[in-house]
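Trainee: Using the sequences and the hints given, assemble the complete structure.
One letter stands for each residue in the lines below.
Number of protein chains: 2
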Amino acid sequence: MTDIFKERKTVEQVEESSELAPKFDENGLMPVVTTDANTGDVLMMGYQNEEALKKTIETGEAHYWSRSRKCLWHKGATSGLIQKVKDIRIDDDQDSIWLKVELKGLEASCHVGYKSCFYRSIPVGNIKQDIELKFKEDEKTFDPNEVYGDAPNPTKL
Amino acid sequence: MTDIFKERKTVEQVEESSELAPKFDENGLMPVVTTDANTGDVLMMGYQNEEALKKTIETGEAHYWSRSRKCLWHKGATSGLIQKVKDIRIDDDQDSIWLKVELKGLEASCHVGYKSCFYRSIPVGNIKQDIELKFKEDEKTFDPNEVYGDAPNPTKL
Numbered sequence: 001m002t003d004i005f006k007e008r009k010t011v012e013q014v015e016e017s018s019e020l021a022p023k024f025d026e027n028g029l030m031p032v033v034t035t036d037a038n039t040g041d042v043l044m045m046g047y048q049n050e051e052a053l054k055k056t057i058e059t060g061e062a063h064y065w066s067r068s069r070k071c072l073w074h075k076g077a078t079s080g081l082i083q084k085v086k087d088i089r090i091d092d093d094q095d096s097i098w099l100k101v102e103l104k105g106l107e108a109s110c111h112v113g114y115k116s117c118f119y120r121s122i123p124v125g126n127i128k129q130d131i132e133l134k135f136k137e138d139e140k141t142f143d144p145n146e147v148y149g150d151a152p153n154p155t156k157l
Numbered sequence: 001m002t003d004i005f006k007e008r009k010t011v012e013q014v015e016e017s018s019e020l021a022p023k024f025d026e027n028g029l030m031p032v033v034t035t036d037a038n039t040g041d042v043l044m045m046g047y048q049n050e051e052a053l054k055k056t057i058e059t060g061e062a063h064y065w066s067r068s069r070k071c072l073w074h075k076g077a078t079s080g081l082i083q084k085v086k087d088i089r090i091d092d093d094q095d096s097i098w099l100k101v102e103l104k105g106l107e108a109s110c111h112v113g114y115k116s117c118f119y120r121s122i123p124v125g126n127i128k129q130d131i132e133l134k135f136k137e138d139e140k141t142f143d144p145n146e147v148y149g150d151a152p153n154p155t156k157l
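Quick mapping for you: the protein sequence lines, in order, are chains P and A. Mapping to the working numbering: the first sequence position 65 is 65, numbers consecutive. Mapping to the working numbering: the second sequence position 19 is 19, numbers consecutive.
Worth double-checking, as some hints may not be accurate.
Put simply, identical chains are the same to the list, so a pair is met inside one copy or across any two.
Dumping the calculated DMTMM-like pairs for lysine to aspartate or glutamate here, alpha-carbon to alpha-carbon at most 20 Å [as the list claims (entries may be wrong)]: (1) LYS134 to GLU19; (2) LYS134 to GLU7; (3) LYS70 to GLU26; (4) LYS70 to ASP25; (5) LYS86 to ASP41; (6) LYS23 to ASP130; (7) LYS128 to ASP3; (8) LYS84 to ASP41; (9) LYS136 to ASP95; (10) LYS128 to ASP87; (11) LYS140 to GLU19; (12) LYS136 to ASP36; (13) LYS115 to GLU16; (14) LYS23 to GLU7; (15) LYS128 to GLU50.
No wet-lab data here; the hints were simulated from the structure.
Mentor: This is the structure we're talking about:
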């Protein structure tokens, strides 16, 4: 694979040019937000390292770096919940990515079974009393036990 | 301010309950994606520490942690580009936030002058030749020199 990333030389180059010069953090990662290309909903927040970004550009299917499994993660390889990439955006200082995707299969992206990982809302306003999250999806789209079997849960305490 | 965050005890509590038990990373931060509540477009990616999340919940205006300035950042305090929060979502493992906001003033969120920080697209497909980013906004919404004056540019190489 040729190196497709440019060296970062100036602020103007990074912000105003058409050169792809991404910046990965001290762990070699950048945050990636993924939205449903049809509804605009945010589906998930993930991370990419250099290889995951290259694979996403090359294949048109979303790849991430799994921080819990510490490996390249072709989304859907286990679950079938493949994300077809319709657009890849990079931000002003080129240290984060926005993927617009179409969902295949179960039309879901969340390992808990919901369509979006962001299925709960924090009420705005009074912080003097206990905050209760509100569920924004009425029911799960799939049964995670059927899809993932006994694969370890990626959520860490 | 009372402590509004619960201790993280079990995966089930974190994923399936209505308790707010957020997880900040080793730097005390979590990534935050901000979308335009009207258009669904992703405007920016930022970070929140505990205080920024609390302030956002309490005031209904977006607060972030500025990694370049190393301080609490009330978005719009300098530029006037206030973000009125319509919805705060938290993800399955409670380590990232999605803010849906309405823009006031210039209807822009990007310090370079564009409406969205994600004003450039990476073409999907051939990585054998040089990648050219494509600009997706025709022109800037405002002149950053007029809005920010000689404030230091937050973009780091």
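Trainee: Run every hint past the structure and note whether it holds.
Mentor: We went through each hint and held it up to the structure:
no.: 1; hint: LYS134 to GLU19; result: between (42 Å within a copy, 10 Å between copies)
no.: 2; hint: LYS134 to GLU7; result: between (45 Å within a copy, 18 Å between copies)
no.: 3; hint: LYS70 to GLU26; result: both (15 Å within a copy, 17 Å between copies)
no.: 4; hint: LYS70 to ASP25; result: both (16 Å within a copy, 16 Å between copies)
no.: 5; hint: LYS86 to ASP41; result: both (14 Å within a copy, 14 Å between copies)
no.: 6; hint: LYS23 to ASP130; result: between (39 Å within a copy, 18 Å between copies)
no.: 7; hint: LYS128 to ASP3; result: between (53 Å within a copy, 9 Å between copies)
no.: 8; hint: LYS84 to ASP41; result: both (15 Å within a copy, 18 Å between copies)
no.: 9; hint: LYS136 to ASP95; result: between (30 Å within a copy, 18 Å between copies)
no.: 10; hint: LYS128 to ASP87; result: between (42 Å within a copy, 19 Å between copies)
no.: 11; hint: LYS140 to GLU19; result: between (41 Å within a copy, 19 Å between copies)
no.: 12; hint: LYS136 to ASP36; result: both (16 Å within a copy, 18 Å between copies)
no.: 13; hint: LYS115 to GLU16; result: between (36 Å within a copy, 14 Å between copies)
no.: 14; hint: LYS23 to GLU7; result: within (9 Å within a copy, 33 Å between copies)
no.: 15; hint: LYS128 to GLU50; result: between (44 Å within a copy, 16 Å between copies)
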